[in-house]
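Top line first, the protein sequences correspond to chains A and B.
Using our numbering, the letters of the first sequence correspond one by one to residues 1 to 245.
Using our numbering, the letters of the second sequence correspond one by one to residues 246 to 551.
Treat the hints with care, since some could be wrong.
[Stated by the list, open to error] Label-pair distances were calculated between CB atoms; the ranges are:
id, chain 1, residue 1, chain 2, residue 2, range
1, A, 242, B, 551, 31 to 37 Å
2, A, 194, B, 320, 38 to 44 Å
3, A, 13, B, 359, 49 to 55 Å
4, A, 175, B, 353, 28 to 34 Å
5, A, 190, B, 387, 28 to 34 Å
6, B, 502, A, 214, 32 to 38 Å
7, A, 158, B, 447, 33 to 39 Å
8, B, 387, A, 44, 54 to 60 Å
9, A, 239, B, 366, 24 to 30 Å
10, A, 2, B, 348, 54 to 60 Å
11, A, 183, B, 484, 39 to 45 Å
12, A, 2, B, 352, 45 to 51 Å
Treat the hints as calculated values from the structure; they're not laboratory data.
The beta carbon of each residue, even a glycine, is placed where N, CA and C say it ideally should be.
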Amino acid sequence: MQCKDIELVLEQEGLEPLPVEAREHLAECPECRNYVADLTSLVDVANKLPAEIAPPERVWISLRAQLEAEGIIRTPAESPVVRADSWWESMRAFFGNRVIATAMVGILIAAAAVFEIRKDGIHDSSPPLQQSARGNSPAPAAVPSSSQQLTAAPSASTAPAEFAGTAQALDDQEPVATGMILSSRSPVDASLRENLKKVDEFIAECERHLKEQPQDGLTREYLSAAYQQKAELLSAIIERGRSIN
Amino acid sequence: MCLQMIGIIPAEPRPQFKRSLMPLLAAAIFMSCLMPGRAEAAGQRVEKKFSVAGRPVVVIHNVANGRIEIKSWKNAEVDVVGTQTSNKVGFEIEQAGDRIDVTANILDAAAQPLELEANLQLTVPEETELQLKTETGLIYVEQVTGDMKLESYAGDVHLKEVSGYIIVKTTGGSLVCAQCAGKLDFSSISGNAQILQPQLNNVNLMTTTGNILFDGDFVRTGLYSMKSGRGLVEVRFSSNDSFDLKAQTSTGTVDNQAAAFLKPDTHGVKHIYSNLTHGFFGTVGKGLAKVELSSYSGTIRILRRD
Numbered sequence: 001m002q003c004k005d006i007e008l009v010l011e012q013e014g015l016e017p018l019p020v021e022a023r024e025h026l027a028e029c030p031e032c033r034n035y036v037a038d039l040t041s042l043v044d045v046a047n048k049l050p051a052e053i054a055p056p057e058r059v060w061i062s063l064r065a066q067l068e069a070e071g072i073i074r075t076p077a078e079s080p081v082v083r084a085d086s087w088w089e090s091m092r093a094f095f096g097n098r099v100i101a102t103a104m105v106g107i108l109i110a111a112a113a114v115f116e117i118r119k120d121g122i123h124d125s126s127p128p129l130q131q132s133a134r135g136n137s138p139a140p141a142a143v144p145s146s147s148q149q150l151t152a153a154p155s156a157s158t159a160p161a162e163f164a165g166t167a168q169a170l171d172d173q174e175p176v177a178t179g180m181i182l183s184s185r186s187p188v189d190a191s192l193r194e195n196l197k198k199v200d201e202f203i204a205e206c207e208r209h210l211k212e213q214p215q216d217g218l219t220r221e222y223l224s225a226a227y228q229q230k231a232e233l234l235s236a237i238i239e240r241g242r243s244i245n
Numbered sequence: 246m247c248l249q250m251i252g253i254i255p256a257e258p259r260p261q262f263k264r265s266l267m268p269l270l271a272a273a274i275f276m277s278c279l280m281p282g283r284a285e286a287a288g289q290r291v292e293k294k295f296s297v298a299g300r301p302v303v304v305i306h307n308v309a310n311g312r313i314e315i316k317s318w319k320n321a322e323v324d325v326v327g328t329q330t331s332n333k334v335g336f337e338i339e340q341a342g343d344r345i346d347v348t349a350n351i352l353d354a355a356a357q358p359l360e361l362e363a364n365l366q367l368t369v370p371e372e373t374e375l376q377l378k379t380e381t382g383l384i385y386v387e388q389v390t391g392d393m394k395l396e397s398y399a400g401d402v403h404l405k406e407v408s409g410y411i412i413v414k415t416t417g418g419s420l421v422c423a424q425c426a427g428k429l430d431f432s433s434i435s436g437n438a439q440i441l442q443p444q445l446n447n448v449n450l451m452t453t454t455g456n457i458l459f460d461g462d463f464v465r466t467g468l469y470s471m472k473s474g475r476g477l478v479e480v481r482f483s484s485n486d487s488f489d490l491k492a493q494t495s496t497g498t499v500d501n502q503a504a505a506f507l508k509p510d511t512h513g514v515k516h517i518y519s520n521l522t523h524g525f526f527g528t529v530g531k532g533l534a535k536v537e538l539s540s541y542s543g544t545i546r547i548l549r550r551d
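Work out the full structure: start from the sequences and follow the hints.
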C-alpha cells in the first residue's frame, strides 16, 4: 500500500478500524503516521465542540443558490419546468438587487407624485359646489361593509387606468418580496406580512370604490397614498429579506 | 456529504483531501473554540460615556428586539448603556465628533427571538438630535429638544415632553405623544396615533387602518392634518381654541358632537364641496388655526372636552 492509498482509505472509511494493509504501511511510514495523528487530534477537538444547531431552511436555500451561481454544484435533472418558474427566477434575480429595488420604489413614488399633480389640475377646473350633497348621510349601499372587503391582493386589472402601471409594478414586486421572507418565523416579518395584507385590502377597497365613483378625489388621494405605502413596505421587506438571506 | 444530504450533486469529483490544509483546519477549529461567540453567556451589560461639545446627534440602529429609552440630563455627555440577553447580539458604539453611533447587530442568524433581545438606555444633553431605527420593541424618548426621526416596523413609539421637528414612521407600531411641541409628522399602515396635551404648531398624521386621537389645544396659526383610511379620527378641542375645521370622508361618517360650538366659516371663503364625499366646514373662535380631518371609510368624531 502506498501513501496515496492511505489518504483514500481514510477519506472513505474513516480513522477506525484501519485495514491490516494500512496498519502495516503506517508501521513503516512516519509521514503517514503523523498524518493520521493530525487527523485524530482534529477529530478529538471537533468532538468537544458544542452540539450543532440545525440551521434554518433559508440558509440551505441561500447556500444552494450561491453554489449554483458559482457553478460548483448542479441540481438533479427534473421534469421540464413550466415557463412561469423561469420568469419567477428572473424576476427574483432582478428585484433581488437592492439598487434596482430601491430605484423601482423611487419610480413608483415619482409616478404617484405626477398623478397627484395632474389630479389637482383636474380638480381646479371642476365647477364649484356650494353644499355637500350627502351631508352626514350614511355611506351608500353600493359601498361594501368592512366584513365584505376583499382579502386577496389587488390586481392591476382592477386599478384605475392612471394607476395601472403603478399597480402592475407593485403586483410584480409583491411575490418577489414576500418570497424572500416566506420561511421566516420572525415576529417582525409576521408583522410586515400582516401589514402588507392590510394595505392590499385597503387598495382593493379603494379601487373597487373608484370603479363605481371615478370622480371621487378623496378616495384617489387615499389610493395614491396606499400605493406609496405599499411600495415602501415592499422595499423594506426586500431589504430585510436580503439581510436574512 | 452535507451537499448530498440536501440533494445536491457536486458538478465535479471532490478534490482529494490535501495534507497541506491540515494545519489550517486545525487552526480554524482551535480558533473557533476560543471565539467568544461560542461561549455560553448570560445577560451582558455594556456602558460607554462620551463627552460632547455642542448639540450632539445620536444615531441608533437596533436590528435586534428590544427597547430604546432616551432621557436627558444637564451634562454635556452622552451615556449609553446596552444590555443583552445573550451574546448572539453585539453592540457597536462609536463617537465621531458630536455624533454618537450605536448599532445592535445580530451575530448569530440562527438565534432564537428570545436570544436577540438588546435594550438600549441613553442619557443625552437636553438639546440633542436623534435618528433612531428599530425593528420591534418600544422607542421611548423623554424631555429631549431637537429634530428627531424615529422609525420602527412593529415597535411602538412613546414621546413625552419632546420638542423639535419630529418624524415618526412605523409599519404597525403606534405613537403616543404627550406634551410634545414643534412639528410632528407621523405615518403608518396600521399604527394608532395619540396626541395628548400638545403644543404642536404643525401636525401631519396619516395612518391607513389605525386610529387617531388629538386631545389638546390648537396653537394659533398652526396647521393640522389628520387622515385615517379605515380608522377613527377623533379630535377633542377646548373652548379657548381658535381654528377653521374641514372634515370630509368618502364612505365613512362624521360624528360632530360639537355642532353648537362650530360657526359657519367667518372668513368669507366659499368652500368647494364635492358631491362624492360628505363632511362640513366650521369655525371655532376666530378661526386662527387650520384643521383638516379626513377618512376614507372610518368615522370622524369632533367633540369639545370642557
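For each hint, the structure was consulted:
1. In this structure the hint that residue 242(A) and residue 551(B) lie 31 to 37 Å apart at CB is violated, the actual value being about 53 Å.
2. The hinted window of 38 to 44 Å between residue 194(A) and residue 320(B) holds, with their beta carbons roughly 42 Å apart.
3. Distance hint check for residue 13(A) and residue 359(B): the Cβ-Cβ separation is about 43 Å, which falls outside the suggested range of 49 to 55 Å.
4. For the pair residue 175(A) and residue 353(B), the beta carbons lie near 29 Å from each other, so the given range of 28 to 34 Å is met.
5. With their beta carbons about 30 Å apart, residue 190(A) and residue 387(B) fall inside the hinted range of 28 to 34 Å.
6. Between residue 502(B) and residue 214(A), the C-beta spacing of about 33 Å keeps the proposed range 32 to 38 Å intact.
7. The beta-carbon spacing between residue 158(A) and residue 447(B), approximately 36 Å, falls within the hinted interval of 33 to 39 Å.
8. Distance hint check for residue 387(B) and residue 44(A): the Cβ-Cβ separation is about 56 Å, which falls inside the suggested range of 54 to 60 Å.
9. Look at residue 239(A) against residue 366(B): about 27 Å separates their beta carbons, and that is inside 24 to 30 Å.
10. For residue 2(A) paired with residue 348(B), a C-beta distance near 55 Å keeps the hint of 54 to 60 Å intact.
11. Taking the beta carbon of each, residue 183(A) and residue 484(B) are about 57 Å apart, not inside 39 to 45 Å as hinted.
12. A beta carbon spacing of about 46 Å between residue 2(A) and residue 352(B) agrees with the range 45 to 51 Å that was offered as a hint.
Of the numbered hints listed earlier, those contradicted by the structure are 1, 3, 11.
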